[in-house]
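Peer 1: Each protein sequence line maps, in turn, to chains A and B. With our numbering, the residue at position 123 of the first sequence is 739, and numbering never jumps. With our numbering, the residue at position 237 of the second sequence is 247, and numbering never jumps.
Rather than coming from a laboratory, the hints here were simulated on the basis of the structure. Possibly wrong hints are sitting among the right ones.
In silico SDA-like cross-links for lysine to any residue, where the CA-CA straight-line distance does not exceed 25 Å [as the list claims (entries may be wrong)]:
id	chain 1	residue 1	chain 2	residue 2
1	A	K669	B	F289
2	B	K383	A	H689
3	A	K669	B	K383
4	B	K392	A	E621
5	A	K665	B	F363
6	B	K392	A	A725
7	A	K696	B	C282
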Amino acid sequence: MGEFEPTIIAFVCNWCTYTAADLAGTSRLIQPPNVRMIRMMCTGMVDPKYVIKALLEGADAVLVSGCHPGDCHYINGNLKARRRIKLLKEILPKFGFDERRLKMTWIGASEGIDFAETIRELVAEVKALGPNQARRQMVI
Amino acid sequence: MARTAAIEVTEGNPVKALQEFFRTLLERGKIEALLVARHLPVRNAVMPTLVTDPQQLAGADPLAPVFPINAAKVVSRLTRKPFEGRVAVVLRPCEIRAFIELVKLKQGRREQLIIIGMDCLGAYGNVDYLRFAAAAGDGSSATLDFIRNALEGRGTAFEDFDITTACKACEHFVAESADLSFELLGATLGEGLPLQANTPLGEALLGELGLASTREPAGRKEAVLDLLAQRTAYRDRMFAETAAATSDLDKLMSYLGHCVNCYNCRVACPVCYCRECVFTTDVFDHEPAQFLRWARKKGALKMPTDTVFYHLTRLAHMSTACVGCGQCSNACPNHVPVMELFRTIAAGTQRAFDYEAGRSVEEEPPLSTFREKEFFEVTGGKD
Numbered sequence: 617m618g619e620f621e622p623t624i625i626a627f628v629c630n631w632c633t634y635t636a637a638d639l640a641g642t643s644r645l646i647q648p649p650n651v652r653m654i655r656m657m658c659t660g661m662v663d664p665k666y667v668i669k670a671l672l673e674g675a676d677a678v679l680v681s682g683c684h685p686g687d688c689h690y691i692n693g694n695l696k697a698r699r700r701i702k703l704l705k706e707i708l709p710k711f712g713f714d715e716r717r718l719k720m721t722w723i724g725a726s727e728g729i730d731f732a733e734t735i736r737e738l739v740a741e742v743k744a745l746g747p748n749q750a751r752r753q754m755v756i
Numbered sequence: 011m012a013r014t015a016a017i018e019v020t021e022g023n024p025v026k027a028l029q030e031f032f033r034t035l036l037e038r039g040k041i042e043a044l045l046v047a048r049h050l051p052v053r054n055a056v057m058p059t060l061v062t063d064p065q066q067l068a069g070a071d072p073l074a075p076v077f078p079i080n081a082a083k084v085v086s087r088l089t090r091k092p093f094e095g096r097v098a099v100v101l102r103p104c105e106i107r108a109f110i111e112l113v114k115l116k117q118g119r120r121e122q123l124i125i126i127g128m129d130c131l132g133a134y135g136n137v138d139y140l141r142f143a144a145a146a147g148d149g150s151s152a153t154l155d156f157i158r159n160a161l162e163g164r165g166t167a168f169e170d171f172d173i174t175t176a177c178k179a180c181e182h183f184v185a186e187s188a189d190l191s192f193e194l195l196g197a198t199l200g201e202g203l204p205l206q207a208n209t210p211l212g213e214a215l216l217g218e219l220g221l222a223s224t225r226e227p228a229g230r231k232e233a234v235l236d237l238l239a240q241r242t243a244y245r246d247r248m249f250a251e252t253a254a255a256t257s258d259l260d261k262l263m264s265y266l267g268h269c270v271n272c273y274n275c276r277v278a279c280p281v282c283y284c285r286e287c288v289f290t291t292d293v294f295d296h297e298p299a300q301f302l303r304w305a306r307k308k309g310a311l312k313m314p315t316d317t318v319f320y321h322l323t324r325l326a327h328m329s330t331a332c333v334g335c336g337q338c339s340n341a342c343p344n345h346v347p348v349m350e351l352f353r354t355i356a357a358g359t360q361r362a363f364d365y366e367a368g369r370s371v372e373e374e375p376p377l378s379t380f381r382e383k384e385f386f387e388v389t390g391g392k393d
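Use the sequences and the hints to build the structure in full.
Peer 2: The following block contains the structure:
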């Protein structure tokens, strides 16, 4: 068995973090290939159930990343998202999901370096945490 | 200082006294109609009933120890749009609190209502109540037996059951937000049933009816504190036991293991506010090939799928609005302790947003609002 390779689902905003990810890629910044990105029009449309579904399906972590406060293309979607993540960080740990498996960041369109660094840090952190409990078992 | 009036009680029967009070409201044209729990012609069935004819108040019994549904849902339907006149609704404290949540979600209007509440002594589960009422002979005697037992210190347990776990863990048994509330706790029924006005509307009504003011019964404060201490102790034990029983995914799955995805808990929930629940939309009409892929991934797939997913999603959607009425458990055909789980998690989510469901129409529901500067810890201290 090789080293544990986590699967991370990232819900990223079209206007900022997705562009930052693109920039990180075109700038040839080195990043681990553990992240599956899902481009959303805004983090404000990340329903809590998307995050719950990802974790129950066995994702080892979920990243939600949007625009810095004040920069939201839709004025305040990111601030609504912050409340929803706050809510999930209250609920999920009660059922044994480590709080570190749900991460939220603000990464602007020009911050490709930040994006690559966030991914490297998150992958390292989740590797240290080990596999998510849902990965091992049939979830009813 | 809130104003209290005494309603005359004859033959030691507070239900008759309530009926007389409601009759006065209708006959003197103070209200168009009254929504109240009433015995139906069907044996031992008690349901919210919209009464306009004072003669029909004979079976009205808001103190019956049962509430088959949380009436906040019917009040929400009743007040969806403006109508002629004014309606009084007689609700339990948890029904009032659920209705307040619905008002904030624009699914009900308080404007044309007089909300009448009462000290709630608890209720039996729907099925247990049938046995309780049958043993007493009829519904009205059952109510009187229950009230006397509860108020005179003999407790509410009967044969092998008691009031629901939700009621035993409920610390909101006083109807603080009602316009008028009947105060059973600490009252000496021979001296009349105290009716307290909590709002200007309630005070005005007491004035119009020319009811004499009275003092709060001497034993009330102590009776309320006693019950509160009992209820909170029970609640905290329930929180601790439920948290321990669901502390990881394995345990949660075994907790929910008998759930059959009937969604009765969601139908019975007064604050599950979506007009159409996502779990019954085609989002969950998965392709047959999808089921096979999932099965292949782990070697086995429990069907129907998405049981834990459903409960976690419902927790995320409505736990900040949960008033702990217990109708979810009441509606569960397989005795899954749904209320225990939802109240336990709701206590945490409501604390996280410094919110208490049903407390006030002024407090914004946590997920309907946001601030620019808050919860920096979510993004690792950055704003």
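Peer 1: Of the hints given before, which are not true for this structure?
Peer 2: 3 and 4
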